[in-house]
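Student: The listed protein sequences derive, respectively, from chains A and B.
Counted the way full-length UniProt numbering counts, the first sequence spans residues 1 to 451.
Counted the way full-length UniProt numbering counts, the second sequence spans residues 1 to 128.
There's no promise every hint is true.
Using 25 Å as the maximum straight-line C-alpha spacing, the simulated DMTMM-like pairs for lysine to aspartate or glutamate come out as follows [said to hold, decoys possible]:
| hint | chain 1 | residue 1 | chain 2 | residue 2 |
| --- | --- | --- | --- | --- |
| 1 | A | Lys327 | A | Glu444 |
| 2 | A | Lys136 | B | Glu103 |
| 3 | A | Lys136 | B | Asp112 |
| 4 | A | Lys402 | A | Glu412 |
| 5 | B | Lys25 | B | Asp65 |
| 6 | B | Lys32 | B | Glu67 |
Please keep in mind that the hints were generated in silico from the structure rather than gathered at the bench.
Fair warning: this is a prediction, and the values are worked out from it, not measured in the lab.
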Amino acid sequence: MLFTSILIFLVLSTYICHNDNSFNRLGTITVAFITLMFISSLNIVSISNGITLFNNWFIFKTINLPIIFMMLLFIMSWLTYSSTNSISINFNLLVLVLTNLLGLMTLPLVNDLLMLYIIIELQSYTLYLMTGLYNKSYNSTRASMLYFMTGGMASTIMLMSMYFLFNEYGTMNLNEMNMLQNYNNTFNMTEMMLMMGLMFKMGMAPLHRWSMSVYNYAPTYMTAYMSIVAKLSMSSLMFANYWLFDNYVMLLFMYMSLLMGAYKPLYQMNLKTMLAYSGMLNFGYLLLSVMSYDMSYYMYMMQYVLTHLLMFMMLLSAGELVTPVSKWSPLLFMNQLNMNNNYLLMSLMMCMFSLMGMPPTPGFFSKLFIMESSLMDNYMFEMMLLMMCSVMATYYYANMMKMSMNSMTNKEQTVYMNSTVAYMMSVTTMLLLTFYIYLPNMIEGLMMMYM
Amino acid sequence: MFTMYMMMAPMMACALMMLNYLMSKSNGYMEKDGPFECGFTSYQQSRSSFNVTFMLVAMLFLPFDLEMSSILPYVMSAYNNGMYGLMMVVTFLMVLVMVFMYEMRLNAMKLDRKYESKSKEMKTRLYS
Chain A
1 MLFTSILIFL VLSTYICHND NSFNRLGTIT VAFITLMFIS SLNIVSISNG ITLFNNWFIF
61 KTINLPIIFM MLLFIMSWLT YSSTNSISIN FNLLVLVLTN LLGLMTLPLV NDLLMLYIII
121 ELQSYTLYLM TGLYNKSYNS TRASMLYFMT GGMASTIMLM SMYFLFNEYG TMNLNEMNML
181 QNYNNTFNMT EMMLMMGLMF KMGMAPLHRW SMSVYNYAPT YMTAYMSIVA KLSMSSLMFA
241 NYWLFDNYVM LLFMYMSLLM GAYKPLYQMN LKTMLAYSGM LNFGYLLLSV MSYDMSYYMY
301 MMQYVLTHLL MFMMLLSAGE LVTPVSKWSP LLFMNQLNMN NNYLLMSLMM CMFSLMGMPP
361 TPGFFSKLFI MESSLMDNYM FEMMLLMMCS VMATYYYANM MKMSMNSMTN KEQTVYMNST
421 VAYMMSVTTM LLLTFYIYLP NMIEGLMMMY M
Chain B
1 MFTMYMMMAP MMACALMMLN YLMSKSNGYM EKDGPFECGF TSYQQSRSSF NVTFMLVAML
61 FLPFDLEMSS ILPYVMSAYN NGMYGLMMVV TFLMVLVMVF MYEMRLNAMK LDRKYESKSK
121 EMKTRLYS
């Protein structure tokens, strides 16, 4: 369905007159239909052993299902923003997003090393193109070039590791390598290289410098997309193939990400850089749950996607209220958080509370489960470090809240927002605030997914 | 064996370069070391801009040529593959036909050099 819709939209985009961005609404409906087909074709009991597709190159297991579902929902919500007036018109956006979605959805399902390379390149290339889509902005073309260079390097590292893996195991199939690994007890650096390539692409410390620049230079609309979507699919790949990756090297990435993500943004005034570092910090937490192979991974993903969506929607819609820094990233600095609309700021504050880990918000529950599961697996020091870095990160989240408190003395003005965006934001805020209500039900369902 | 090769190849290159550096005489002056411009001294970078269509032709040659070479195995074994093979190759070609339609609609390779000066139009409008 996705494939045919890509082709159809490709041709259709040239035949339609593009005076505004309403073309993307068709895309949103298409993604909704894809989600519907995805849900209706699920039968967890029959998929639990895995269905292999296309000559054992893909395997469709229940491990990846929550992540794919969340990605579809996220992309639907993100696409609805593109039909507002503040986003420049570009008729290539929808095709690129759909192609990227194809890559993202199939990446957790790969079962073969060559397929891994092909799908990662598919996903990465469309993401590079999307970064530089609004080519009127010099910064975004710069971001796109940078992203291309560093992503290409990471793909080369992964390709070399695939050579060594094939040399070692004699097969390209990941399932077979899993079985062979039980009989073959050598320590080799090949899987470490594969993981390093993946971490490079995700933007984890200590290989994170490129991602800070790219997220800063790209327009805010694109940063909202690419700062989460690539990380989601790659971490899902790592979760599904946890046996392939060495725990100790992942520990290194986790330590560095936590320390960098907690310390570096303390001196930042740039909102996008701060959010990029906080994304790195959160994915550091996630690596801990990947290492203990626990359901807390799904919970953390769910609340993080929700929080991320709400945060960026707030940043984008607040761009019309403040004096913009530039056309592409209107709300860039922290002192611009002084705006007339208090309700936008309230949703931002809810996101900040969730990231900090305050009890009624979802961030607390997911951190609780991560800590519990890591304690059960004897990762004591890592859990304490998580707690300390979370407390350090509280400082810059609270700083953002303090900056937004300056707006309490402003006169109340009626500000008109796009109704679609207002609806999306209010639904997301409501989901965020009531997460603890539907959490127990979701936990029951998620237990079956990774067994 | 491969690691041996990986070590020997850079060592060979470095050895040859060091040999050149150590054993050669170099009497360089500006005329000799700079780029060759038919005897004239070059004042600036002598790269000029070219039409992007040339680049597009080169780049788009690659996928369409690979498409042709991907159809070759089917052509030789069409009978053995039967209806299934036909459907596969039709699907493959359908994808490529849609991409080609996209390229045609965008007029990606039109090479027009129409140069109209706008000031002429305004002059006639003022006087008529």
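Student: Each hint should be assessed against the structure and marked as holding or not.
Tutor: Now for the hints, and whether the structure bears them out:
no., hint, in the structure
1, Lys327(A) x Glu444(A), "violated, 46 Å"
2, Lys136(A) x Glu103(B), "holds, 22 Å"
3, Lys136(A) x Asp112(B), "holds, 24 Å"
4, Lys402(A) x Glu412(A), "holds, 19 Å"
5, Lys25(B) x Asp65(B), "violated, 48 Å"
6, Lys32(B) x Glu67(B), "violated, 47 Å"
Checked against the numbered hints given earlier, the structure breaks hints 1, 5, 6 and satisfies all the rest.
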